[in-house]
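Chains as they are written, first to last, in full-length UniProt numbering: chain P, 1 to 188; chain G, 1 to 88.
Honestly, the hints are just simulated from the structure, not real lab data. Predicted model, so just to flag it, every value in this text is computed and none were measured. A hint or two may mislead.
[Claimed, not checked] Pulled a few chain G residues facing chain P out of the computed Cβ check, cut under 7 angstroms:
#1 THR19
#2 ILE64
#3 ALA82
#4 ALA83
Ideal Cβ placement from N, Cα and C applies to all residues, glycine included.
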Amino acid sequence: MAGELEGAKSLSGLLSGLAQSAFHGHAGITEELLHGQLYPEVPPEEFRPFLAKMRGILKSIASADMDFNQLEAFLTAQTKKQGGITCDQAAVISKFWKSHKTRIRESLLNQSRWDNGLRGLSWRVDGKSQSRHSAQIDTPVAIVELEFGKSGQESEFLCLEFDEVKVKQTLKRLSEVEESINSLMQAA
Amino acid sequence: MAESPPLREPVLDAKSEVTCQLIDFQWKLGMAVSSDQCRSLKYPYVAVMLKVADHSGQVNSKSIKMTIPQFQNFYRQFKEIAAVIETV
Chain P
1 MAGELEGAKS
11 LSGLLSGLAQ
21 SAFHGHAGIT
31 EELLHGQLYP
41 EVPPEEFRPF
51 LAKMRGILKS
61 IASADMDFNQ
71 LEAFLTAQTK
81 KQGGITCDQA
91 AVISKFWKSH
101 KTRIRESLLN
111 QSRWDNGLRG
121 LSWRVDGKSQ
131 SRHSAQIDTP
141 VAIVELEFGK
151 SGQESEFLCL
161 EFDEVKVKQT
171 LKRLSEVEES
181 INSLMQAA
Chain G
1 MAESPPLREP
11 VLDAKSEVTC
21 QLIDFQWKLG
31 MAVSSDQCRS
41 LKYPYVAVML
51 KVADHSGQVN
61 SKSIKMTIPQ
71 FQNFYRQFKE
81 IAAVIETV
């Protein structure tokens with residue numbers, strides 16, 4: 001019993017390491033590290049194919065974004081295969097996917113976003129403003145700062161000034177987007 | 001005199017900001033279907049194209065993508081801005 005538990009912990013750790021490396025962009029997680037930390041008693045020539053098998057399974061599950069029915073079916077098939085996985089291993093993988101699915105999916109989405117993604121929005125409203133570019137003073141102005149950037153790159157900032165009219169115009173545009181989203185969600 | 005790299009000023013510090021005017025705002029609602037990393041993306045997103053002018057009149061375009069929850073937060077914040085700016 002203790003041996004099985006130990007196996008489950010190691011496999012769980014392995015899957016975490018694989019996920020960090022394959023999806024979350026963590027560069028330092030090598031085969032040597034995983035071997036040494038989690039399966040030190042297993043000879044390297046046995047560990048290597050085992051690692052490859054687990055990596056393949058995890059990638060298949062993530063790529064298909066499997067729901068729990070699909071996951072069950074997939075893992076069951078893997079247990080029946082020659083050189084597949086054990087039922088215990090299937091249980092560990094299942095548990096891992098259930099708790100990490102959302103995070104892994106998010107990382108995969110981020111990897112597919114090659115242009116600027118919104119990272120933050122801050123704003124304030126100034127009661128009085130004086131600008132040599134504007135004829136009006138004492139007009140309330142909203143200052144909105146957008147933070148955005150490409151995956152893996154540093155943030156860029158854009159600082160925009162809106163008077164009340166501009167705020168309303170922008171709001172109208174945003175409500176058009178909202179309507180479009182609602183239609184999309186209803187159609188789905 | 002050597003220039004030190006500009007520090008990111010906190011947003012509330014008014015005087016150091018250089019602000020732009022928004023000239024045009026275009027949007028699209030898209031869906032990322034599949035990629036080489038993930039065959040089943042199913043990822044709806046909002047993409048906005050902002051045309052902005054700085055004080056010298058120079059016009060630049062910036063394209064920014066956001067997830068649906070991010071957009072909804074964006075929209076909610078703008079509604080708050082509208083509510084506040086009316087009362088000032």
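Outcome of the hint check:
1. Annotation: THR19 of chain G was flagged as interfacial toward chain P, and the flag holds, the nearest CB pair being 4 angstroms apart, inside 7 angstroms.
2. With its C-beta approaching chain P no nearer than about 5 angstroms, ILE64 of chain G sits inside the 7 angstroms limit, and its interface hint holds.
3. Given the 7 angstroms rule on beta carbons, the hint for ALA82 of chain G holds: about 5 angstroms separates it from the nearest Cβ of chain P.
4. Because the smallest distance between the Cβ of ALA83 of chain G and any Cβ of chain P comes to about 10 angstroms, over 7 angstroms, the interface hint for this residue is violated.
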